[in-house]
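*Asks:* Here is what each chain is made of, one letter per residue.
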Amino acid sequence: MTYKNLFKSKAETWSAAALALLVLVVLPLLLPIFRLNLFGKYLTFGFVGVGLVLLWGRCGILSLGQGVFFGLGGYCMAMFLKLEASDPISTKIQSTPGIPDFMDWNQLTSLPWFWVPFKSLPFTMIAVLTIPALVAFIIGWAMFRRRVGGVYFAIITQAIALIISLGIDGNQGLTGGRNGITDLRTLLGWDIRSTSAQYVLYYVSALLLFACILFGRYVVNTRMGRVLMAIRDREDRVRFSGYDVALYRSFIFALAALFAGLGGAMFVLQVGFMSPSLIGIVPSIEMVIFAAVGGRLSVIGAVYGTLIVNLGKTTFSEAFPEMWLFLMGGTFIAVVMFFPNGLAGLTEPGGFLSRQWQRWAPKSLLSVFRSEVEPPSEAASEESLLKGATEGVK
Amino acid sequence: MSEEKDFLLYIEGLGVSFDGFKAVDGFNFYMDRNQVHVIIGPNGAGKTTVLDLICGKTKATSGSIKFKNKEMRGLKEHEIVRAGVGRKFQNPSIYENLTVFENLEISHPRGRGVWGCLVFQRTEDVSLKIRSVAADIGLLDRLETEAGVLSHGQKQWLEIGMLLMQEPELLMLDEPVAGMSVREREATAQLIRKISAQRSVIVIEHDMEFVKEIADRVTVMHLGKILAEGSMEHVQHDPAVIEVYIGH
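Heads up: the protein sequence lines correspond to chains W and U, in order.
The C-terminal position of the first sequence is numbered 1728 in our numbering, with every residue numbered one higher than the one before it.
The C-terminal position of the second sequence is numbered 974 in our numbering, with every residue numbered one higher than the one before it.
Don't take every hint at face value.
As the list claims (entries may be wrong) - Selected chain U positions facing chain W (in silico; Cβ < 7 angstroms):
id, residue
1, E797
2, L801
3, E803
4, F827
5, S833
6, R838
7, C843
8, G864
9, L866
To be verified - Computed spacing ranges between beta-carbons, pair by pair:
id, chain 1, residue 1, chain 2, residue 2, range
10, U, S743, W, E1569, 19 to 27 angstroms
11, W, L1364, U, T871, 47 to 55 angstroms
12, U, T871, W, E1569, 44 to 52 angstroms
These are calculated hints, taken from the structure and not from any lab test.
Each residue gets a CB set at the ideal place from its N, CA and C atoms; glycine is no exception.
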């Protein structure tokens, strides 16, 4: 395959390189391990963001239930780690040793059948990669076949997020309930809480995230990317060009779920727990905000958005414990109103930065740059901005 | 009409009703290969609905649609397209954000599956095909133009070109010359004649001069039913047709 497909846009290539430098070199050198581990957690939300760009930005499907797939991947990993942590020796004070502690509290005397395969790491890894994607494909197929789309799809995914988080919450004996699955210690005997393990897991997350970004960019720049945009803009025409639109939508929904599930698994490894609070409506919507702030058309923009929003969330909540939710909400409203294509939209030709540059830069400088950056007419960029704004509302 | 003859399109007793309103009723239609068949009729006669029924956009409530002796009723839209039926909509329906080249490329039959789409390569034969179609529709020098900035007539041609990329055996064009200048109409008539050398074309049109120029056969529809059928000459002198168009 051609590498040209991956780096068609120069601006994206530069921002990808800058992101790699930041995540792989600068942050690990500058930050103490506690802060780096926090950033590692943010990166795992970046997986969801990359999927949302393909799903929402490129194909026009807004899912308000991506937390479900993040959670499915996370729970798969957490179940494996919990079983490893619940060996008969460390659980010998329980009335049934060898099963997770919360099962013992709920008077379970044997491991439920669906927990048994998660004793195997290879099975768990396959499950992380397939279960979220499979569930998404089935949900997607059922809905897209019946031409359910737009706002109805968003509402249904939100309902699914609520149902699943309540389902996990209400079955403490089987799932750990509201507390989630906690007290995870080792991966095949390797202590994941140690500093060295946190460094390793941070790098594994970052590299996997870059793999997802590269694959996302590949998808965007192939014929697939053009078909997805065509489906977003002219669904009927695509159907009458001989494409199975429902299949394409289900595929991209499954791909976004696969990314999200991978992120969930890396979250569990770095943070050490999984709970329904990461699955429900609020986290699912937060994930959409990350993508919107970063730019829903740019896979790299979405990762920047995720990092910045999460950093903002941590900073605001530490500095203004009572105010931070308002600050977050205000930021989101500002982005949707003024920068409908998010941060990534600012750097595009004809975007906010290039227009400010046009307005304020000295004339002599402008003539030097004119040949490189072709400025679109003011009217054209206004129009595209308006179009973006109405699309954003949709 | 006998079934022995090998029709390209064979429609019998086709009907659809919307909440009891019969938009199309008892519609029979037989079509040979390499013909241009024009459907005319006053507004609301059910012309566009007939096309919608053939291409699967609207589901028929009765009757049968056989294309190359294969039943099309009940198939999904993309399956009907893959069987060889192309449909152009009344308003130009193209991908405005893509270039003319990309519009044509996306209509190429290779890489319609999800996997095929991911590994699709712009090979020499695809480019050649795109250039030859672009030459036919007069857009060879506009290949890199974004489709949204084309003129109305060019958009109509581009959509016809997109259908040609699919290599259909039957094209259905819904008002292809609406909003075109006289010269553009002439070019479109030539294009349709050229297309019909190897394919069959169903056209819906109001412009009688244009119909005269292109039609091998004409069907006149009124209130969901067929009023008259035959050559343009024949239907023009049919008293029932004159009554509908002029009378009351």
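*Asks:* State for each hint whether it applies.
*Replies:* Results of checking the hints against the structure:
Proximity of E797(U) to chain W is violated relative to the hint, the smallest CB-CB distance being about 19 angstroms (cut-off 7 angstroms). Hint status for L801(U) relative to chain W: violated, with the closest Cβ pair at about 12 angstroms, above 7 angstroms. Look at E803(U): its Cβ gets to within about 5 angstroms of chain W, closer than 7 angstroms, so that hint holds up. Evaluation of the F827(U) hint against chain W yields a violated restraint, the C-beta minimum of about 11 angstroms exceeding 7 angstroms.
Satisfaction of the interface hint for S833(U) is found here, the shortest Cβ-Cβ separation to chain W being roughly 5 angstroms, below the 7 angstroms cut-off. Against a cut-off of 7 angstroms between C-beta atoms, the interface hint on R838(U) holds, since the closest Cβ of chain W lies about 5 angstroms away. Hint status for C843(U): holds, given a least beta-carbon distance of 4 angstroms to chain W, under 7 angstroms. A least Cβ separation of about 21 angstroms between G864(U) and chain W goes past the 7 angstroms threshold, and the interface hint is therefore violated.
The beta carbon of L866(U) comes no nearer than 21 angstroms to any beta carbon in chain W, farther than 7 angstroms, and the hint placing it at the interface is violated. Under the hint 19 to 27 angstroms, the C-beta atoms of S743(U) and E1569(W), about 26 angstroms apart, fit the expected range. A hinted range of 47 to 55 angstroms holds for the C-beta pair L1364(W) and T871(U), which are about 48 angstroms apart. Restraint check, T871(U) to E1569(W): a C-beta distance of roughly 24 angstroms breaks the suggested window 44 to 52 angstroms.
When the structure is compared with the earlier hints, violations turn up for hints 1, 2, 4, 8, 9, 12 and for no others.
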